[in-house]
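Heads up, the sequence shown is in this note's numbering, so the first residue is 1 and it goes up one at a time.
What the hints contain is simulated information worked out from the structure, not anything from laboratory work.
No experiment lies behind these values; they were computed from the predicted model shown.
Where hints are given, some of them may not hold.
[As the list claims (entries may be wrong)] Below, in silico cross-link-like pairs of lysine to aspartate or glutamate (DMTMM-like), each with a Cα-Cα straight-line distance of 20 Å or less: (1) K70 x E20; (2) K103 x E92; (3) K113 x E20; (4) K113 x E38; (5) K113 x D93; (6) K70 x E34; (7) K58 x E34; (8) K103 x D79; (9) K145 x E11; (10) K145 x E20; (11) K70 x D88.
[Stated by the list, open to error] Per label pair, the in silico range of CB-to-CB distance: (12) N104 x P127: 30 to 38 Å; (13) A84 x T7: 21 to 29 Å; (14) K70 x A9: 14 to 22 Å; (15) N36 x T7: 31 to 39 Å; (16) E106 x D140: 16 to 24 Å; (17) K12 x G39: 30 to 38 Å; (18) G39 x Y128: 17 to 25 Å; (19) K145 x P87: 28 to 36 Å.
Quick reminder that beta carbons are idealized off the backbone N, C-alpha and C, glycines included.
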Amino acid sequence: MPKDTITDADEKVIMEAIQEAERNTSGEIRVHIENNCEGDALDRATEVFAQLHMHLTKQRNGVLFYVAIKDHQFAVLGDAGINAIVPDHFWEDITEQVISHFKNKEYAAGLAKGVIMAGEQLKSHFPYDDKGDLNELSDDISFGK
1 MPKDTITDAD
11 EKVIMEAIQE
21 AERNTSGEIR
31 VHIENNCEGD
41 ALDRATEVFA
51 QLHMHLTKQR
61 NGVLFYVAIK
71 DHQFAVLGDA
81 GINAIVPDHF
91 WEDITEQVIS
101 HFKNKEYAAG
111 LAKGVIMAGE
121 QLKSHFPYDD
131 KGDLNELSDD
141 ISFGK
């Protein structure tokens with residue numbers, strides 16, 4: 001169970017980063033953590049993205065951070081709305097930052113950093129609208145096996 005690695009304090013750090021990032025954007029950010037990933041991390045992230053119904057956001061601006069801790073796999077996946085407008089190197093820049101922390105077993109710090117980076121990009125393209133922006137997806141971390 002990934003909860004062996006991610007403590008309650010880690011969870012709090014990650015969820016606070018999600019809430020901070022979403023405070024300035026209509027975009028939605030989720031984090032999914034599991035121990036193992038059979039096959040390609042991006043393929044698995046795509047499955048989880050669908051399972052979490054992230055493709056159903058109004059502006060198609062959801063971002064998923066996927067981690068398979070024991071298999072040392074990571075992927076960040078954006079929906080069509082955000083993929084259409086972020087710079088080409090954007091996902092790679094986030095991945096570099098997150099993995100640099102993971103190498104030191106700083107999972108919460110790495111995910112928090114990546115989430116904040118994604119939030120900044122979402123903010124510039126999908127600013128928060130106080131006249132009807134809803135938190136369309138849970139800020140809770142989802143856990144697999």
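Against the structure, the hints:
Straight-line distance between C-alpha atoms of K70 and E20 comes to about 28 Å, which puts the hinted pair past the 20 Å bound. Between K103 and E92, the direct Cα distance comes to roughly 16 Å. Compliance with the 20 Å bound is thereby established for this hinted pair. Distance hint between K113 and E20 is fulfilled; the C-alpha atoms sit about 11 Å from each other, no more than 20 Å. Distance hint between K113 and E38 is unfulfilled; the C-alpha atoms sit about 26 Å from each other, more than 20 Å.
Taken as a hint, the K113 and D93 pair is honoured in the structure, with Cα atoms around 11 Å apart against an allowance of 20 Å. Simply put, K70 and E34 have alpha-carbon atoms about 8 Å apart, close enough for the 20 Å limit, and the pair holds. Restraint check for K58 and E34: not satisfied, since their Cα atoms lie roughly 27 Å apart, outside the 20 Å limit. At roughly 27 Å between alpha-carbon atoms, K103 and D79 are farther apart than 20 Å, so this suggested pair is violated.
For the proposed pair K145 and E11, the alpha carbon gap of about 16 Å is at most 20 Å, so the pair holds. Restraint check for K145 and E20: not satisfied, since their Cα atoms lie roughly 27 Å apart, outside the 20 Å limit. At most 20 Å may separate the alpha-carbon atoms for a hinted pair to count; K70 and D88 exceed this at roughly 29 Å. In this structure the hint that N104 and P127 lie 30 to 38 Å apart at CB holds, the actual value being about 34 Å.
The supplied range of 21 to 29 Å is broken by A84 and T7, whose beta-carbon atoms lie about 37 Å from each other. Here the CB-CB span from K70 to A9 is close to 20 Å, well matched to the stated 14 to 22 Å. For the pair N36 and T7, the beta carbons lie near 20 Å from each other, so the given range of 31 to 39 Å is not met. For the pair E106 and D140, the supplied restraint of 16 to 24 Å holds, since their beta-carbon distance comes to about 21 Å.
The given range of 30 to 38 Å is respected by K12 and G39, whose C-beta atoms sit roughly 31 Å from each other. At about 36 Å, the CB distance of G39 to Y128 disagrees with the hint of 17 to 25 Å. The hint said 28 to 36 Å for the Cβ distance between K145 and P87, and at roughly 35 Å that hint holds.
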